[in-house]
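Asks: Order-wise, the sequence lines are chains A and B. Note that my numbering numbers the first sequence so that position 280 is 286, with each residue one more than the last. Note that my numbering numbers the second sequence so that position 104 is 105, with each residue one more than the last.
Mixed in with the good hints there might be a few duds.
As the list claims (entries may be wrong) - Cross-link-like lysine to aspartate or glutamate pairs, in silico, EDC-like; alpha carbons within 20 Å at most:
{"no.": "1", "chain 1": "A", "residue 1": "Lys51", "chain 2": "A", "residue 2": "Asp224"}
{"no.": "2", "chain 1": "A", "residue 1": "Lys174", "chain 2": "A", "residue 2": "Glu239"}
{"no.": "3", "chain 1": "B", "residue 1": "Lys24", "chain 2": "A", "residue 2": "Asp89"}
{"no.": "4", "chain 1": "B", "residue 1": "Lys6", "chain 2": "A", "residue 2": "Glu239"}
{"no.": "5", "chain 1": "B", "residue 1": "Lys24", "chain 2": "B", "residue 2": "Asp69"}
{"no.": "6", "chain 1": "B", "residue 1": "Lys92", "chain 2": "B", "residue 2": "Glu121"}
{"no.": "7", "chain 1": "A", "residue 1": "Lys174", "chain 2": "A", "residue 2": "Glu289"}
{"no.": "8", "chain 1": "B", "residue 1": "Lys45", "chain 2": "B", "residue 2": "Asp69"}
{"no.": "9", "chain 1": "A", "residue 1": "Lys54", "chain 2": "A", "residue 2": "Glu289"}
{"no.": "10", "chain 1": "B", "residue 1": "Lys62", "chain 2": "B", "residue 2": "Asp47"}
{"no.": "11", "chain 1": "A", "residue 1": "Lys178", "chain 2": "A", "residue 2": "Asp235"}
{"no.": "12", "chain 1": "A", "residue 1": "Lys178", "chain 2": "A", "residue 2": "Glu239"}
{"no.": "13", "chain 1": "B", "residue 1": "Lys92", "chain 2": "B", "residue 2": "Glu108"}
{"no.": "14", "chain 1": "A", "residue 1": "Lys174", "chain 2": "A", "residue 2": "Asp184"}
{"no.": "15", "chain 1": "B", "residue 1": "Lys45", "chain 2": "A", "residue 2": "Asp120"}
{"no.": "16", "chain 1": "A", "residue 1": "Lys220", "chain 2": "A", "residue 2": "Glu289"}
{"no.": "17", "chain 1": "B", "residue 1": "Lys92", "chain 2": "A", "residue 2": "Asp56"}
{"no.": "18", "chain 1": "A", "residue 1": "Lys178", "chain 2": "A", "residue 2": "Asp120"}
{"no.": "19", "chain 1": "B", "residue 1": "Lys92", "chain 2": "A", "residue 2": "Glu105"}
{"no.": "20", "chain 1": "A", "residue 1": "Lys211", "chain 2": "B", "residue 2": "Glu121"}
{"no.": "21", "chain 1": "B", "residue 1": "Lys6", "chain 2": "A", "residue 2": "Asp235"}
For the record, the hints were derived by calculation from the structure and aren't laboratory data.
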Amino acid sequence: MARITASVYTSHVPAIGAAIDLGKTTEPYWQPVFQGYEFSKQWMKDNKPDVIFLVYNDHATAFSLDMIPTFAIGTAASYQPADEGWGPRPVPVVQGHPELAAHIAQSVIQQDFDLTIVNKMDVDHGLTVPLSLMCGQPDAWPCPVIPFAVNVVQYPVPSGQRCFNLGKAIAKAVESYDEDLNVHIWGTGGMSHQLQGPRAGLINKEFDNAFLDKLIADPAAAAAIPHIDYVREAGSEGIELVMWLIARGAMRDIADPSASTRAIHRFYHVPASNTAVGHLILENR
Amino acid sequence: MSLDKPYLDVPGTTIFDAEQSRKGYHLNQFCMSLMQAANRERFKADERAYLDEWAMTEEQKQAVLARDLNRCIAAGGNIYFLAKIGATDGKSFQQMAGSMTGMTEDEYRAMMVAGGRSVEGNRVIGEDGNAQAHHQPQGSAGQKVKA
Numbered sequence: 007m008a009r010i011t012a013s014v015y016t017s018h019v020p021a022i023g024a025a026i027d028l029g030k031t032t033e034p035y036w037q038p039v040f041q042g043y044e045f046s047k048q049w050m051k052d053n054k055p056d057v058i059f060l061v062y063n064d065h066a067t068a069f070s071l072d073m074i075p076t077f078a079i080g081t082a083a084s085y086q087p088a089d090e091g092w093g094p095r096p097v098p099v100v101q102g103h104p105e106l107a108a109h110i111a112q113s114v115i116q117q118d119f120d121l122t123i124v125n126k127m128d129v130d131h132g133l134t135v136p137l138s139l140m141c142g143q144p145d146a147w148p149c150p151v152i153p154f155a156v157n158v159v160q161y162p163v164p165s166g167q168r169c170f171n172l173g174k175a176i177a178k179a180v181e182s183y184d185e186d187l188n189v190h191i192w193g194t195g196g197m198s199h200q201l202q203g204p205r206a207g208l209i210n211k212e213f214d215n216a217f218l219d220k221l222i223a224d225p226a227a228a229a230a231i232p233h234i235d236y237v238r239e240a241g242s243e244g245i246e247l248v249m250w251l252i253a254r255g256a257m258r259d260i261a262d263p264s265a266s267t268r269a270i271h272r273f274y275h276v277p278a279s280n281t282a283v284g285h286l287i288l289e290n291r
Numbered sequence: 002m003s004l005d006k007p008y009l010d011v012p013g014t015t016i017f018d019a020e021q022s023r024k025g026y027h028l029n030q031f032c033m034s035l036m037q038a039a040n041r042e043r044f045k046a047d048e049r050a051y052l053d054e055w056a057m058t059e060e061q062k063q064a065v066l067a068r069d070l071n072r073c074i075a076a077g078g079n080i081y082f083l084a085k086i087g088a089t090d091g092k093s094f095q096q097m098a099g100s101m102t103g104m105t106e107d108e109y110r111a112m113m114v115a116g117g118r119s120v121e122g123n124r125v126i127g128e129d130g131n132a133q134a135h136h137q138p139q140g141s142a143g144q145k146v147k148a
């Protein structure tokens, strides 16, 4: 049977992708950011998954205002890196896993989450920057990826609690898949940042680190954080952090209190462009 | 019965909710059109003519022509859509975000390198933080206004 063995959490700042693509990772501004992912790249090699279930948000790329799905699961065979206006990132095409994705879609919808099923879309920096951070610059990504896009652009976005519960449903869906697959679930976006208005540039290290603490040790409390706390404390775009709760909700200790989750890597740095970079790897034990 | 909008008292911040999205539909869809290289070229060749192809309000068109992102957001724009205008102009996200504060590019970048904008005084309208209305514009532009 398929199982989720680990969850990865990371910011997905577009400027990080540009720094990688333009060979700037050793510059003094960027070096501390990439230093925080050295452990992670080795860990990815040592713990190569069969499939990554990658929770991210589309930034007005595949989804315009014509259609705004709250939760969208990619069931395609492959996904092209999108041209977001600066030209497509020079990264590998993302290979999907249509069989597992279709299985998860059916199971999760039967658990009362109304997913939108997407058979054709391009993927933007929200999905490709985490892959670059964790895998470097390979000729092909190490395994198939199931894109899972969450609306965090138009308010109201799904609540942290709903995201957390959705994570539980995804874990259940994965565990009911017959093939023996090692699955990682990634939650991306955040941490504190605001990209608009006179309050642009907001960073809140105290909030971010308290969020990381809670996500590890008291995830139910993290799930209970209301929208307004993210907006007020972590900036209007800090609300992307609700996506981390989907990955956390899928860890085994949520469904089974006798199981344990171990944090094997934690990293935090300010700034990357407008944003606080947070990163965490949790393993099921 | 009115909707619950607890975010209206956050200073210097416009939440892109269903109402803003409705107001900004054509403005944001115009921005989406700039994801195609041919449209970027047509826009750059004659901005006004290109904008006139869209069912945008005059205020939205003027805000775009002025590259005033705060005005664009007030008129229903969302930063992820407006970023396509910045990409067309060759601007980074940091340049775009900074432009809404009144700070110069160097001033904004220095603020971020120093740890970003503090939340203190910037949680609720009426406090005294640097994102509050009575402290605009920020940076050297604001010092000139006061002088």
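Asks: State for each hint whether it applies.
Replies: Each hint, compared with the structure:
1. A/Lys51 / A/Asp224: violated, 29 Å
2. A/Lys174 / A/Glu239: Distance of about 27 Å is beyond 20 Å: violated.
3. B/Lys24 / A/Asp89: It is violated: about 26 Å lies between the C-alpha atoms, which goes past 20 Å.
4. B/Lys6 / A/Glu239: At roughly 16 Å apart (the allowed maximum being 20 Å), A/Glu239 and B/Lys6 satisfy the hint.
5. B/Lys24 / B/Asp69: Satisfied, since the Cα-Cα distance of roughly 17 Å is no more than 20 Å.
6. B/Lys92 / B/Glu121: violated, 29 Å
7. A/Lys174 / A/Glu289: Given pair A/Lys174, A/Glu289 holds - Cα atoms ~16 Å apart, limit 20 Å.
8. B/Lys45 / B/Asp69: holds, 17 Å
9. A/Lys54 / A/Glu289: Answer holds: A/Lys54 to A/Glu289 is near 13 Å, not above 20 Å.
10. B/Lys62 / B/Asp47: holds, 13 Å
11. A/Lys178 / A/Asp235: violated, 30 Å
12. A/Lys178 / A/Glu239: Distance ~33 Å between A/Lys178 and A/Glu239 Cα, so the pair is violated.
13. B/Lys92 / B/Glu108: holds, 16 Å
14. A/Lys174 / A/Asp184: holds, 18 Å
15. B/Lys45 / A/Asp120: violated, 41 Å
16. A/Lys220 / A/Glu289: holds, 16 Å
17. B/Lys92 / A/Asp56: Answer violated: B/Lys92 to A/Asp56 is near 38 Å, above 20 Å.
18. A/Lys178 / A/Asp120: holds, 16 Å
19. B/Lys92 / A/Glu105: violated, 41 Å
20. A/Lys211 / B/Glu121: Between A/Lys211 and B/Glu121 the Cα gap is close to 12 Å, so the pair holds against 20 Å.
21. B/Lys6 / A/Asp235: Holds. B/Lys6 to A/Asp235 sits at ~13 Å (cutoff 20 Å).
In the structure shown, a violation is registered for the earlier hints numbered 1, 2, 3, 6, 11, 12, 15, 17 and 19, in ascending order.
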